[in-house]
Structures are given as structure tokens and as C-alpha cells.
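Visitor: Residue numbers (my numbering): 1 to 109.
Okay, the calculated beta carbon distance ranges per label pair:
hint, residue 1, residue 2, range
1, A19, R79, 20 to 26 Å
2, N54, A19, 27 to 33 Å
3, V105, A20, 27 to 33 Å
By construction, these hints were calculated from the structure, which means they are not laboratory data.
Source: prediction; values computed, not measured.
Quick reminder that beta carbons are idealized off the backbone N, C-alpha and C, glycines included.
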Amino acid sequence: MTSSQTPLSGQWRVEIAYAAGQGIHVLHLQQHENDLVGSHQGDFISRDIAGTVNGDTLSLASIVTERHGDSLNNRFTGRIDGDEMSGSLNMGEYRTATWSARRHVYGRS
Numbered sequence: 001m002t003s004s005q006t007p008l009s010g011q012w013r014v015e016i017a018y019a020a021g022q023g024i025h026v027l028h029l030q031q032h033e034n035d036l037v038g039s040h041q042g043d044f045i046s047r048d049i050a051g052t053v054n055g056d057t058l059s060l061a062s063i064v065t066e067r068h069g070d071s072l073n074n075r076f077t078g079r080i081d082g083d084e085m086s087g088s089l090n091m092g093e094y095r096t097a098t099w100s101a102r103r104h105v106y107g108r109s
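The whole structure should be built from the sequences, with the hints applied where relevant.
Guide: Listed below in C-alpha cells is the structure:
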């Protein structure tokens with residue numbers, strides 16, 4: 001595995017296009033060689049996220065377990081292009097979506 005040419009550590013604004021709407025999430029990532037760890041802030045909850053980077057591709061996963069035992073798995077796969085990323089999101093029984101992300105630069109909205 002080779003790590004991304006662009007370090008991915010930082011805050012990323014993620015736009016998700018679901019089958020019936022859109023959402024905005026935020027990823028806070030730390031990169032250690034090929035490994036990514038951090039937090040995934042969704043519409044209602046924040047959870048841990050982890051994954052890997054290989055060249056210009058990445059794979060991330062976050063899981064939320066609800067009180068009654070059900071879980072929501074988010075599996076992001078995609079490509080990195082400088083300060084932007086995009087790809088597909090697999091949500092298990094909740095189907096799939098597409099996503100695009102842009103690195104947050106302080107002072108830029």
C-alpha cells in the first residue's frame with residue numbers, strides 16, 4: 001500500500017446524495033501512514049471512523065449501534081483529488097448513496 005500524495009488529516013465537509021434527499025456530514029481525520037482514524041459527525045450523532053488510504057483511493061467505515069441493538073454501518077469508498085474526495089457510500093440495509101467532500105479551510109465557507 002502507498003499513502004496518498006495529499007495528507008488527509010483535517011476537517012472535511014461531506015455532501016451525501018441519498019436516493020430521496022441530501023445531507024451534510026463532517027469528517028475529522030488523522031492520517032498515520034496508510035491508516036485513517038477520526039470522527040464522523042452525521043445528522044444526529046457523532047461516531048468514530050477508521051479506514052485506509054492506498055494511493056488516490058480510500059476506504060472508511062463508521063458504525064452506530066442503537067440501544068435496541070440495531071446498527072447503522074457507513075462504508076465510504078472513493079478517490080482523492082487534492083483537497084477534494086468523492087465516491088460511493090454503502091449503508092447496508094439502507095442502500096447506497098454518492099458522496100463528495102471538500103477539505104475545510106479556515107476563513108473559507
